[in-house]
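When you get a sec, could you build the whole thing from the sequences and use the hints?
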Amino acid sequence: MTAERFIVPIGPQHPALKEPGHFEFTVEGETVTDARVRLGYAHRGIEKATESRSWTQNAYLLERICGICSHVHALAYCLGVEKLAGVEAPPRAQVIRALVSELERMHSHLLWLGVAAHEAGFDTLFMYAWRDREQVMQALENLTGNRVNYSANVLGGVKCDVTDDHRRQIMKMIKSLSDRIDHYLSVVESDRALLQRTHGVGTLTHEQAESLGVTGPVARSAGVTQDLRRDAPYAAYADFPVRVMVAQSGDLKARFLVRLNEMLESIRLIALMLDHLPAGDLEARMPRKIKAGETISRVEAPRGELFYYIKSAGGDMPERVKVRTPTLANMASVIVLSVGHQLADIPMILAGIDPCFSCNDRMVTAITPQGNQVLTWAQVRQYGIDFYKRQAERAGS
Amino acid sequence: MLTQAHELLSAWAQAERTPETHRLDLVIGADALIDAVRALKTVRSLYLSAITGTDTGSGLEILYHFCAGAEVLTLRVGLPYDTPRIPSLCGVMPVARLYEIELKEMLGVDVLGLNAHDRLFLPDDWPQGLFPLRKDAALDTLNDKESD
Numbered sequence: 001m002t003a004e005r006f007i008v009p010i011g012p013q014h015p016a017l018k019e020p021g022h023f024e025f026t027v028e029g030e031t032v033t034d035a036r037v038r039l040g041y042a043h044r045g046i047e048k049a050t051e052s053r054s055w056t057q058n059a060y061l062l063e064r065i066c067g068i069c070s071h072v073h074a075l076a077y078c079l080g081v082e083k084l085a086g087v088e089a090p091p092r093a094q095v096i097r098a099l100v101s102e103l104e105r106m107h108s109h110l111l112w113l114g115v116a117a118h119e120a121g122f123d124t125l126f127m128y129a130w131r132d133r134e135q136v137m138q139a140l141e142n143l144t145g146n147r148v149n150y151s152a153n154v155l156g157g158v159k160c161d162v163t164d165d166h167r168r169q170i171m172k173m174i175k176s177l178s179d180r181i182d183h184y185l186s187v188v189e190s191d192r193a194l195l196q197r198t199h200g201v202g203t204l205t206h207e208q209a210e211s212l213g214v215t216g217p218v219a220r221s222a223g224v225t226q227d228l229r230r231d232a233p234y235a236a237y238a239d240f241p242v243r244v245m246v247a248q249s250g251d252l253k254a255r256f257l258v259r260l261n262e263m264l265e266s267i268r269l270i271a272l273m274l275d276h277l278p279a280g281d282l283e284a285r286m287p288r289k290i291k292a293g294e295t296i297s298r299v300e301a302p303r304g305e306l307f308y309y310i311k312s313a314g315g316d317m318p319e320r321v322k323v324r325t326p327t328l329a330n331m332a333s334v335i336v337l338s339v340g341h342q343l344a345d346i347p348m349i350l351a352g353i354d355p356c357f358s359c360n361d362r363m364v365t366a367i368t369p370q371g372n373q374v375l376t377w378a379q380v381r382q383y384g385i386d387f388y389k390r391q392a393e394r395a396g397s
Numbered sequence: 398m399l400t401q402a403h404e405l406l407s408a409w410a411q412a413e414r415t416p417e418t419h420r421l422d423l424v425i426g427a428d429a430l431i432d433a434v435r436a437l438k439t440v441r442s443l444y445l446s447a448i449t450g451t452d453t454g455s456g457l458e459i460l461y462h463f464c465a466g467a468e469v470l471t472l473r474v475g476l477p478y479d480t481p482r483i484p485s486l487c488g489v490m491p492v493a494r495l496y497e498i499e500l501k502e503m504l505g506v507d508v509l510g511l512n513a514h515d516r517l518f519l520p521d522d523w524p525q526g527l528f529p530l531r532k533d534a535a536l537d538t539l540n541d542k543e544s545d
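Quick note, the sequences are listed as chains A and B, same order. Under my numbering, residue 397 is the last one in the first sequence; the count climbs by one each step, no gaps. Under my numbering, residue 545 is the last one in the second sequence; the count climbs by one each step, no gaps.
These are computed hints drawn from the structure, not numbers from a lab.
Restraint-style ranges between C-beta atoms, simulated for each label pair: (1) H403(B) x T225(A): 22 to 32 Å; (2) H206(A) x N512(B): 19 to 29 Å; (3) R5(A) x R516(B): 22 to 32 Å; (4) N512(B) x R44(A): 21 to 31 Å; (5) R516(B) x H183(A): 37 to 47 Å; (6) R5(A) x Y478(B): 39 to 49 Å; (7) D316(A) x G526(B): 26 to 36 Å; (8) A193(A) x Y478(B): 57 to 67 Å.
Far from chain A, some chain B residues (derived; all Cβ distances over 10 Å): (9) E413; (10) A427; (11) L476; (12) G526; (13) D533.
Output of the computed footprint for chain B on chain A, the stretches with three or more beta carbons under 8 Å from beta carbons of chain B: (14) 37-47; (15) 298-310; (16) 327-337.
Where a beta carbon is used, it is the ideal one built from N, C-alpha and C, also for glycine.
Here it is in structure tokens:
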């Protein structure tokens, strides 16, 4: 029997993405043979909006590009503007910036761990991961006053200081999280049901990772040793050298391992930063107008390289701010990786790049030659789980 | 990386400057872009990090940012408003695709050879010929449309 070919459009009220996206997967039988992406449903025109707001207002505006890695957006922007103005934030502020970056990385990776586990049908891991993430959110709230858009950065430094109380709370938290992450590492490497969904699935070779220009944990899980915290240290990373976590296999399992190991590295860095927090001011004085010029500011967001190009014409507002987020760099890999895989693997492959999750609605429309059939995303996710259950039963019988 | 790139591209560079440490900006013509990028492909661990399109007030300027570690090489290509044509890099560096679609939609750059007919970022009912990142983009007309 020849396999029938049909197209499965997914989104734009998307599953797993914080910003909605639309994907069309062409399927022959169970196998995906083509994939297309349509973005922009949450395009808010922020780059254009920066051109009519002051340098200070833009720090708050740009922080709201992402609801997960908000801090790194403000950080990349502030570092860039400070460079243009010839101002350097005080050392204590730089360490606090790096400290919040690492807390944010942990919150982002734990969030991802939960969502990826959920897509695999492993809801116990999802709930544990999100329970643990809550501790990080709590620490961020205690430190900055906010759970999500922390606004820790201001132009010229930071707005919040780390007190002895904060230090004690954070040390207690990372001690408990360190044990939890060790446990998750053993789960990810030993749980047979999870391994079935991750081992050898969505494999990106080293060559593909380089030619597709993927970044962050997706690149590092395919053996590309790239991390801006080490390669182009910013904030306080020159004083706190980062050990870059890499894996070689390039599959989903490798992406789990890299992100989990990165959290352990974040814990090490956080403890080190708290122990070696320099005394001093939190802010340097910034001019209201920024002298004419242009600069490039790059930071390592939880999802990879975040790129900012900032141009000033000498006024109190930027001439141009260009932002290239890591998800855009990683998106091409979803398209390439999907082809040749089972439809049942799509939720996990999408989840694998960690494309800004935080979903509220999910819908899939499957158009079949027999007529239109509407499925919810939950049904597609369930389809993936059932598909692998059946495979496991078949293998067992 | 920058020294090697500088040697490789010196034949096409019309102007050059080092705006910051670890950075090199080379101005090249649109017709030399493909050859220059093909030459850059031989540079180890270099990747296309981003493409920035800007409206300078006297024309458009496209900046191709290539990175390797801390170093950033920017190829700057100036384009006139009336014929903003530039060849697509997709044949040489497939990663350019999404960035080039962004250029096309946001600044109205005619990217020759780019196979993308659907919109990627702007809404389907966005007015034809309105490019939001151009300085003279009449975005007020959108408000009029919404209030209708």
